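Colleague: The primary structure of each chain is shown beneath.
Protein chains: 2
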Amino acid sequence: MPVLIVGSIAIDHVKTPYKEKQNLLGGSASYAAIAASFFSPVQLVGVVGEDFPEKYRSLLASRLVSLEGLQIAKGKTFRWSGIYHSNMDRRTTLATRPNVLQNFSPTLPEVYQTTPYVLLANVAPSLQHHTLDQVKSPLFVVASTMDFWIKKAKKALLSLLRRVNMLIVNEHEVQELTGATNLICAGHLILKMGPEFVVLSKGEHGALLFSKSSLFSCPAYPLETVYDPTGAGDTFAGGVIGYLASICNEKNSSKITFEKLRLAVVYGTILASFSVEAFSLGRLHALTQPDIEKRYNSLHALSQFP
Amino acid sequence: MPVLIVGSIAIDHVKTPYKEKQNLLGGSASYAAIAASFFSPVQLVGVVGEDFPEKYRSLLASRLVSLEGLQIAKGKTFRWSGIYHSNMDRRTTLATRPNVLQNFSPTLPEVYQTTPYVLLANVAPSLQHHTLDQVKSPLFVVASTMDFWIKKAKKALLSLLRRVNMLIVNEHEVQELTGATNLICAGHLILKMGPEFVVLSKGEHGALLFSKSSLFSCPAYPLETVYDPTGAGDTFAGGVIGYLASICNEKNSSKITFEKLRLAVVYGTILASFSVEAFSLGRLHALTQPDIEKRYNSLHALSQFP
Chain U
1 MPVLIVGSIA
11 IDHVKTPYKE
21 KQNLLGGSAS
31 YAAIAASFFS
41 PVQLVGVVGE
51 DFPEKYRSLL
61 ASRLVSLEGL
71 QIAKGKTFRW
81 SGIYHSNMDR
91 RTTLATRPNV
101 LQNFSPTLPE
111 VYQTTPYVLL
121 ANVAPSLQHH
131 TLDQVKSPLF
141 VVASTMDFWI
151 KKAKKALLSL
161 LRRVNMLIVN
171 EHEVQELTGA
181 TNLICAGHLI
191 LKMGPEFVVL
201 SKGEHGALLF
211 SKSSLFSCPA
221 YPLETVYDPT
231 GAGDTFAGGV
241 IGYLASICNE
251 KNSSKITFEK
261 LRLAVVYGTI
271 LASFSVEAFS
281 LGRLHALTQP
291 DIEKRYNSLH
301 ALSQFP
Chain A
1 MPVLIVGSIA
11 IDHVKTPYKE
21 KQNLLGGSAS
31 YAAIAASFFS
41 PVQLVGVVGE
51 DFPEKYRSLL
61 ASRLVSLEGL
71 QIAKGKTFRW
81 SGIYHSNMDR
91 RTTLATRPNV
101 LQNFSPTLPE
111 VYQTTPYVLL
121 ANVAPSLQHH
131 TLDQVKSPLF
141 VVASTMDFWI
151 KKAKKALLSL
161 LRRVNMLIVN
171 EHEVQELTGA
181 TNLICAGHLI
191 LKMGPEFVVL
201 SKGEHGALLF
211 SKSSLFSCPA
221 YPLETVYDPT
231 GAGDTFAGGV
241 IGYLASICNE
251 KNSSKITFEK
261 LRLAVVYGTI
271 LASFSVEAFS
281 LGRLHALTQP
291 DIEKRYNSLH
301 ALSQFP
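Listed in order, the protein sequences are those of chains U and A. Those letters in the first sequence? Residues 1 to 306, by the working numbering. Those letters in the second sequence? Residues 1 to 306, by the working numbering.
A hint or two may mislead.
Identical chains blur together in the list; that is why a pair holds if it fits in one copy or across any two.
For lysine to aspartate or glutamate, the following DMTMM-like pairs were computed, each having C-alpha atoms within a straight-line distance of at most 25 Å [as the list claims (entries may be wrong)]:
#1 192 x 224
#2 202 x 293
#3 136 x 20
#4 152 x 277
#5 152 x 50
#6 212 x 277
#7 76 x 51
#8 76 x 54
#9 152 x 20
#10 255 x 133
#11 202 x 68
#12 212 x 224
#13 260 x 89
#14 192 x 171
#15 202 x 277
#16 202 x 176
Keep in mind the hints are simulated off the structure, nothing from the lab. Since we're looking at a predicted model, the values are computed, not measured.
So here's chain U without its partners, still in its complex pose (with noise of 0.2 Å):
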């Protein structure tokens, strides 16, 4: 099953206690986008200006991503640049530049409008609601989204919250949106929100899903190292999205269980556990369906017990 993904594509300058990049490929659809072609085909929707390299167009091009939906505007691309600190959990924007992401205001091309699968990636809740209003009956919707949405379009962001199937946050994001500090509260308080389904990704120590009735606690894959923590939850997001189009065959979004998602959330994991080895979608794009595998029996090897 095809999977619609909106959100930035971005021109990243990153910093870490490692190494300086600049002009990578970012923005949360290019990480989105990428990891969920690994299980589905993915209708990406999303703007560059004319400035965007036509290399990181092939890359996403290379992947079976439909680009029919990326949109080249008079301007330059969306620009982000950040600094990480010591421990690679904490973060600094330093420059945030929308250009031609300011004013995107796509119309879905036609056979996007029908696709069941939508991961709403990070990007300003107008243009979530904006993309989401295109979509004709969409099964199962995941969004995301970044604590300056939080403070800045709340409003937006509570109405979208009732439209969707799931939504994936990290601690410091949870706490801005509920206020609660224990992390088991928080999840419950989103779900009374609206989406069914929540996902707190808590990177080093793993994921939490939320559903009414039920929690998986998903173990996060063990890395000594983290090169470049960006996108990771964006990887995370599309690796859920991308898993869940992928087994399910379904008509009916009753059958989109528990049990699915757990799976849906181990593979998101393993993606992100691969995006944060590499700057930009260095580790990501040149992945195997074996070194997936791999990493989803190392997983598993490390959480059970009987």
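Keeping the supplied structure of chain U fixed, place chain A upon it in accordance with the hints.
Modeller: Positioned in the frame of chain U, the structure of chain A alone reads:
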């Protein structure tokens, strides 16, 4: 199989965002002994002053904890007071008065000297050494510690690490001990310091069990409210050694496999989850076996995937 536990026995004064309570039974050995006693007979090594309340002595005795190694010394019982901050994962020690613990140098009762399973709960490394010196042929020795000893008695602690099979530390302690911020690196660095196994307890994020060749990621039991985190690590350690002694009838430490230790870590996690639900040993001492098995089943259900 019996378990020998040495550690502190304290009278605590604890303040949390919920409540403030005085004259509580505390100390690493108290928590660990009660936790271990749900699985194995316990031999306690510790000291109290003449002010130690009879009701606390009775509480320990009621749980099949041998008090033959409990010394009553002239003077006052060790006292600790601390305050927990809003998110419950940071605390400030307000006062520590070692009192009778200061010069405690026990001679173990003869029957204790051949006990195969030993927990050196958090106390001065010199006292941990002194106790271990008197155990004739220990089969499996677990130690825990705290940041205070890592700072003040690092040399003695490092030499202790070469004498124990397992060290149990939390995130703050492991960073203090190794300087590493990455938890996977930190765990492996401690393995190089001596112990064959390391448990890194992460509170609401669960625990990691390391050996040179294996890793087990144990989820936390989900709690919406933590009333008093005091003693959670000690309870965890007591649960680990108590459960291990209950399933191992081994004369040979090589039979203590990683698979058995996984289960011990799961039971340690469960006991600790009860401990934090009330001040002092309020919840722990009243536990039943069905309470424990119920949480085992929950923890199993929330962590498994196909």
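Colleague: Next step is simple, just say for each hint if it's right about the structure.
Modeller: Consistency of the hints with the structure:
1. 192 x 224: between (37 Å within a copy, 15 Å between copies)
2. 202 x 293: Only inside one copy: residue 202 and residue 293 sit 22 Å apart there, 28 Å across copies, limit 25 Å.
3. 136 x 20: neither (43 Å within a copy, 57 Å between copies)
4. 152 x 277: neither (32 Å within a copy, 37 Å between copies)
5. 152 x 50: Intra 28 Å, inter 62 Å, cutoff 25 Å: neither.
6. 212 x 277: between (34 Å within a copy, 22 Å between copies)
7. 76 x 51: within (6 Å within a copy, 76 Å between copies)
8. 76 x 54: Within one copy, since 14 Å is at most 25 Å while 77 Å is not.
9. 152 x 20: This pair counts as neither: shortest intra-copy Cα distance 29 Å, inter-copy 39 Å.
10. 255 x 133: within (23 Å within a copy, 62 Å between copies)
11. 202 x 68: Result: close neither inside a copy nor across copies, 34 Å intra and 46 Å inter.
12. 212 x 224: between (35 Å within a copy, 14 Å between copies)
13. 260 x 89: Neither way: residue 260 and residue 89 sit 29 Å apart in one copy and 33 Å across, limit 25 Å.
14. 192 x 171: within (18 Å within a copy, 32 Å between copies)
15. 202 x 277: Both: 17 Å inside a copy, 24 Å across copies.
16. 202 x 176: both (15 Å within a copy, 22 Å between copies)
Of the numbered hints listed earlier, those contradicted by the structure are 3, 4, 5, 9, 11, 13.
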